[in-house]
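The task is to assemble the complex, starting from two chains supplied on their own in separate frames and drawing on the hints.
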Amino acid sequence: MHAACSFVQILRYGILSTNQTQETVLRVRELSKFFGKGDARLQVLNNVSFDVQRGDLLAITGKSGSGKTTLLNIMGSLDTKYSGDVQIFSSHSRALVSLRGMSDSALSRMRNSSIGFIFQHFNLLSHLTCLENVMMPATMGKTRTKDAAARALQLMERLAIAEKVKAFPSELSGGQKQRVAIARAMFNEPSIILCDEPTGALDSATSMDLIKLFHEINAERRASFIIVTHDTTVSDSCKKMIRLGDGCIVETRGFACK
Amino acid sequence: MQVTHIVLQNFSRNRKNLAFASIGLIIGIASFVYFVALGAGVKSVVLEDIFVIRQIEVVPRSYDLAITQASFSRIDYRAIEKLSSIDHVVRAYPKMKFTFPAWATGGKEILGKNFRAEVVADGIATSLVQDMEGHELFRDWDAEYTCVGEGDGAAVSCPEGQRCIGGFCRKLSCKRSANICKYPSYCASDTLECEMPVPVIANPSLLTVYNSSLTTALKAGDGVRLPKLTEQAIRGFTFDVELGQSYLGDSAQGKPFTRRMQVVGFSNKAIAVGFTLPIEYVKRFNAVLTGETQRNVYHSVILEADSNENVAAISQGVKQLGYALDDKHEMAERMGLVISTITLLFSMISLIIVTISAINIAHTFFMIIAERRREIGIMRALGASRNDIRRMILGESLILGLMGSFLGVMLAVLSALLTDYVSARYLPDFPFKPESFFIFEPRIFAIAIVCGVAFCIIGAWAPASRAAGMDPARAIDN
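Protein sequences appear in the order of chains A and B.
The first sequence maps to residues 229 to 486 in the working numbering.
The second sequence maps to residues 42 to 519 in the working numbering.
It should be emphasised that the hints constitute simulated quantities derived from the structure, not laboratory data.
Treat the hints loosely; a few may be bogus.
[Claimed, not checked] Between beta-carbon pairs, the in silico distance windows are:
id: 1; chain 1: A; residue 1: Ser326; chain 2: B; residue 2: Asn428; range: 56 to 66 Å
id: 2; chain 1: B; residue 1: Leu392; chain 2: A; residue 2: Gln382; range: 48 to 58 Å
id: 3; chain 1: A; residue 1: Glu399; chain 2: B; residue 2: Arg414; range: 22 to 32 Å
id: 4; chain 1: B; residue 1: Ala495; chain 2: A; residue 2: Ala395; range: 39 to 49 Å
Here the structure is a predicted model, which is why all the values come from computation and not from measurement.
Every residue gets a Cβ at the ideal spot worked out from N, C-alpha and C, and that includes glycine.
Okay, chain B solo, but in the shape it has when bound (with noise of 0.2 Å):
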């Protein structure tokens, strides 16, 4: 029988039955995307952008002691070298904090006012932002550069500041009554030579929590609020940062002085409350301010997994070299199975309604065999045998399948777009506010298509099994 032509012809004639049968589906597949899509956007901004989980911070193992912890184990260069040796890690970034105490003084170019305020700040190898926008400037400046010629700064490929001396740059003497330092070097008060000011970045989810929350919190003075801040305003902001001193104390030795900073870029692999400097600048600052000894020994160290799949292999790689993972990584892995938890309650109910769905196809395709019980009986007369009557009929919810996801699909993205637009033009900015919750993996499509069809085929089954084990001379006879 040429299935296909009846098929078409069926279809065609049953149209509003079939609409109407296919209402359910369409609403089903249309939730299923919708919520799939919802929590991929979800967990992407959460996993991504909140908590890089690509990216494992290890931490030397502490252990509770009631009044204090006490670390087991230390990250040196060693440490570091078995922490790469694991499997699927593709690279590792050691990092390390200040130990000592500082406080910054600035804000007035773009705050209107200045602010004084503990620094929180950590160290980390400028090869780990290489796609930052501005890397370039994320350097040692007080590294040895080598020069050729003779002159001053970038002219002879020293930073400003320096002199090409010698094949080598040297930071020139000044006096701060007479400034002789080129921008954006200045004369340092403790060692009187041009300093560069210390390349720092920040991490973007600050600038996100100080435009959503904390321009409201706080005000400039005279009641005026702060102003909303951008990543290219705030990029070339110096301030100044007194190291060895804070609110908070002294350092253990060394004498505090005073570095100017300057914001070059911002990255999610800064530390989130903070500056993060090149790491070999808190390397110095930590052996002058708390000992040589703290020269060589890391906080943490960010190991970067070759793929999201392998991270829960790379943290059971760490939990047996007698590491731990820092809290973060612990609390992404928590919220990712929150979400998916979530997302998986919602699919179920999606899943739900097209199988309710499905029993209401079988229930229009009982009454449609009803109606053509004395139809398929001349068919049977003229020569089509039971399993072309059961593959015709199944080919009408093939098509029913096909075309009820399809509009499926297409509602879940009209409504995701939707949602988009409500969320941008009515609810208010708050942190990590994407552009879209959304996230239409093209397996997602596929997979709602297999399911609708699959549950139509489903639903169809029984009353195609009717359809075909009728009796010809008796549905003739109707």
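This is chain A alone, in the form it adopts within the complex (with noise of 0.2 Å):
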């Protein structure tokens, strides 16, 4: 671990310094993070530091255990036990804002309005419609229901999922589902998308489908993607890559060097 971590070190001055005149969404310093007490004391993030633009589609790849999801959790505010700093650009204060010493009601605020989410099994609510699944950032912020219903309705066009308005999950395929849950994650038009192995249930042909898609939302809104996967078809789809082995940041594709 010791000698890919220096490794990152000299890659990290390289990756902080990306081209300063696009608009930082995502900064990321010097984050740690251990799991257990004593003995058992296991370290899953050591020293992380990198930056996402508007626009980015970052893949953070690496093999099982090496802190993918752990860092996920933690950029999107799931997981509040670590060291180091985070900063996400709020849609509200319009600046990076960081996430240490925020209260609970302020991180799901931040959760909601420029945080989106994309799980692996999709994470739908089943008792809900589609459109009431769409629409639940709305419900668990403020939006009216009428408002909310016409931008759930716009963002079910736009994946072409409309005609499945009144239908519950389990009657959609995988893909359909995963549409759902992006047009869910993109409700409150979020800085960032955190997606966590958006492929994995997915057959192939599918899988290529919801790439496309990624890049057809990320060209149109500018928004930034950030895809946690093991796909090598997908990682090597995104502008960026960071790969994580033990940890650390043990190879970066993307970022250019000062």
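Here it is, written out as structure tokens:
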């Protein structure tokens, strides 16, 4: 681990010095994370630092247990016990805001307005219709139901699932479920969309469609996608890539060196 | 978070689990409302029909001297003034008993046979029974009435058997052989004047006891049972009373004489066993048959409180003035206490049921939360805060509490209706059997619903806190 991490120190400088004219939507600084206590203490992230710019399509790859999902959870403010700093572009204050020290309510507001999640197993609520699932961020926030329904319909039309408005998740194919999940993630136009193995539960044809869709949305809306994946087809298609090994950044692509 | 919307959705899809969890709550609340209403109903019968708790009867304080009792206070007009001035006393009504023996003869018209019995009687102010049906007949016919014109009886505003002479009503002289007295007046054998029957009232409890017990115990003759009587049947019934003489002996002074008496109404202000007359008659009879000194000595005085809550304070005031309370009042207090204690005991049992149901509700919510673990994680990822999750679970418990309590109250009311129906249809009549054993006060409903909701929320608090404290990342990975 030590040798890999010293390699990261060299890389880190380059990663942090990407094109300064672009707008940064996520900043990770010296992020470390441990699980367990005493002898059982295990470091899963070691001094990880990088920036994500608006419109980036970043893949985070690595072997199982390399810390990909932990990193995603911390960036998504679902995990708050770490050292270092994570800053996210807040849709409210129009600036980077540190997640450190934020109250639970403030973090929840941040997740609702500035972060979108797409999961491997879709994580749709089975008792709700597709429309209601897409509207969930509005339900969790304070958006009026009428406005929310119109916005959800618009997104579903864009993602070609408008005919599934009244269907329940159990009536959809894997690809359709993931489209509903994408619509839900895009609902509040977040600064970043965090995807955890989005193609993990899909066949290769559907995965290709989904990758294409990510690229389209990325181009249309300049939404920043951070995709945790094992799938090399997905990571190869992304403009930027970070590979984690034993909690450290061991390889990057697309980050300009100074 | 739009909590209401989500709470309603969640409640709807978990309705089977929650319905099962609420059974204990429904039974607990139902039994609480049922027993409290039953206690209030029974207490009302005991304290308002059997013992009139709002009216306190004050008697002279007496001391037990082993073989007899001696009174060291007396009730005269000064005592009545003092007792009237106690706080919260609305009115004071003196009562005077017969101080001589008397017996009554009559009853053939309604019982089929004449009976002769000792008479126990007292006198009260006519104003005490102004709310009684037929109260206008409960008056002192021997008082001096003014009149206008010439003529007899009602035509000149005089009682029957009296003539208007010089602006005042005067009794007509009569002979028993040639009765000129117009009904209902009659020719009295001692005065040979037309006398109006002495109006008397009886206590409704006397009729209740007669109908439920005496009709089966006594027989009218030839093995024929005595008929059951109503107030309507007895009203207007007349009987003769020999004053100053009975099985027990003769009066201290004066010659015994007979007066006709007529039942004019029923009131719970009348003596429990016996008859009650306008007090002026009793004063005159006592003066003639016992002595003039007895005219202004009362045996007791009834103090009417402004409300039931102030009865205890008045009782205290009475004791401070050196007077005692009638045994009946103390018995009423004891009965009230016994009923309250029993009601409290059953209410406590009901609350224990509700407490157990709260544990069941907690268990159900823990189960529901375990099932919804991933869902809670997703909600947290989509922007729900810990407080939102807690409010969501507590909101569901609030609805459960409201619905469970409402159903519990409905069950209690239906059970009460069923009990009253069974009582009316299958239970034999007994003294003071009420139409309903229950009094449902709105505040009891409110207390039941507040209790039900509170216990539900208490039950759901720990599961709600656990749900709120869930690690969202782990919950999603679940």
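Now for the hints, and whether the structure bears them out:
no.: 1; hint: Ser326/A x Asn428/B: 56 to 66 Å; result: violated, 22 Å
no.: 2; hint: Leu392/B x Gln382/A: 48 to 58 Å; result: holds, 55 Å
no.: 3; hint: Glu399/A x Arg414/B: 22 to 32 Å; result: holds, 24 Å
no.: 4; hint: Ala495/B x Ala395/A: 39 to 49 Å; result: holds, 41 Å
Consistency note: the structure conflicts with earlier hint 1 alone.
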